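At position 95 of the sequence shown (counting the first as 1) the number is 100 in the numbering used here, and the numbers step up by one without a gap.
Derived from the structure by calculation, the hints contain no laboratory data. Nothing here was measured: the structure is a model prediction, and the numbers come from that model. Some hints here could point you the wrong way.
Said to hold, decoys possible - BS3-like mimics (lysine-lysine), calculated; alpha carbons at most 25 Å apart, straight line:
1) Lys53 <-> Lys79
2) Lys53 <-> Lys99
3) Lys61 <-> Lys79
4) Lys95 <-> Lys79
5) Lys135 <-> Lys87
6) Lys72 <-> Lys61
7) Lys135 <-> Lys95
8) Lys95 <-> Lys32
9) Lys87 <-> Lys97
10) Lys97 <-> Lys61
11) Lys53 <-> Lys32
12) Lys79 <-> Lys32
13) Lys32 <-> Lys9
14) Lys87 <-> Lys99
What the hints assert, rightly or not - Here are the simulated distance ranges between beta carbons:
15) Met22 <-> Pro120: 20 to 30 Å
16) Asp128 <-> Glu23: 15 to 25 Å
17) Tyr16 <-> Asn104: 46 to 56 Å
18) Ile25 <-> Leu64: 12 to 22 Å
19) Leu106 <-> Glu26: 39 to 49 Å
20) Glu54 <-> Tyr80: 41 to 51 Å
21) Pro18 <-> Ser149: 30 to 40 Å
22) Gln14 <-> Asn100: 50 to 60 Å
Yeah, the Cβ is synthetic: ideal placement off N, Cα and C, and Gly gets one too.
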Amino acid sequence: MGRKVRGIQGYTPQQIMEQIEQDPNYKIGMQLCAIYQLSLGRSSRELKELFDVSFKQILNWADRFEKHGVAGLKYQGGRGRKSRLTLDQKEKLKNVILNELPSDYGYNSDTWSGPIVLEWVNDNLGITYKQAQIYNILRSLGLS
6 MGRKVRGIQG YTPQQIMEQI EQDPNYKIGM QLCAIYQLSL GRSSRELKEL
56 FDVSFKQILN WADRFEKHGV AGLKYQGGRG RKSRLTLDQK EKLKNVILNE
106 LPSDYGYNSD TWSGPIVLEW VNDNLGITYK QAQIYNILRS LGLS
């Protein structure tokens, strides 16, 4: 008969993971632990289940650690494609949606919708987006 495995009372695994993700220090500690295991010769594919991330993510952590040390593991904002709308254009769009009606611009509606906003951005700002991206932009402006 084997030994009884100790459990954790009062916290679910999901709650513990949320704590790790909320605190940058915990997250960096977890990444360092994975990198340490790599340095001991364990494979990233072996570690992916232990750390609940892809093996590629573990390799990315290792690359950033080798190039920049612990600083390379810290959150680096500003990743991803830059918006084609400037801050001024975003502010103008938000102002138009909040203070004006689509009918003021010749649309047959008194309510802004995704397709109308899409067309307005194209006509007035000269920027073409796909409809799904317009909803992302509206969400980023605090609009729905």
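- Message: What's the verdict on Lys87 and Lys97, does the C-alpha distance respect the 25 Å limit or exceed it?
- Response: holds (18 Å)
- When you check the alpha-carbon spacing of Lys79 and Lys32, does it fall within 25 Å? holds (9 Å)
- Hint consistency between Lys95 and Lys32 [alpha-carbon to alpha-carbon, up to 25 Å]: It is violated: about 33 Å lies between the C-alpha atoms, which goes past 25 Å.
- Query: Is 50 to 60 Å right for how far apart the beta carbons of Gln14 and Asn100 are?
  - Reply: holds (53 Å)
- Message: Between the beta carbons of Asp128 and Glu23, is the distance compatible with 15 to 25 Å?
- Response: violated (44 Å)
- Query: Are the Cα positions of Lys135 and Lys87 separated by 25 Å at most?
  - Reply: At roughly 16 Å apart (the allowed maximum being 25 Å), Lys87 and Lys135 satisfy the hint.
- Message: Check whether the Cα positions of Lys135 and Lys95 lie no farther apart than 25 Å.
- Response: Roughly 16 Å between the alpha carbons, so the hint for Lys135 and Lys95 holds.
- Message: Within 46 to 56 Å: is that where the Cβ-Cβ distance between Tyr16 and Asn104 falls?
- Response: The hint (46 to 56 Å, Cβ to Cβ) holds, given that Tyr16 and Asn104 are roughly 47 Å apart.
- Task: Starting from the hint 12 to 22 Å, judge whether the C-beta atoms of Ile25 and Leu64 obey it.
- Result: Since Ile25 and Leu64 have Cβ atoms about 20 Å apart, the given range 12 to 22 Å holds.
- Task: Below or equal to 25 Å on CA atoms is what counts here, so check Lys72 against Lys61.
- Result: holds (17 Å)
- Message: With the threshold set at 25 Å, check whether the alpha-carbon distance from Lys87 to Lys99 stays at or below it.
- Response: Roughly 19 Å between the alpha carbons, so the hint for Lys87 and Lys99 holds.
- Does the structure keep Lys53 and Lys99 at a Cα separation of 25 Å or less? violated (43 Å)
Violation of the numbered hints given earlier is confined to hints 2, 4, 8, 10, 13, 15, 16, 20; the remaining hints are satisfied by the structure.
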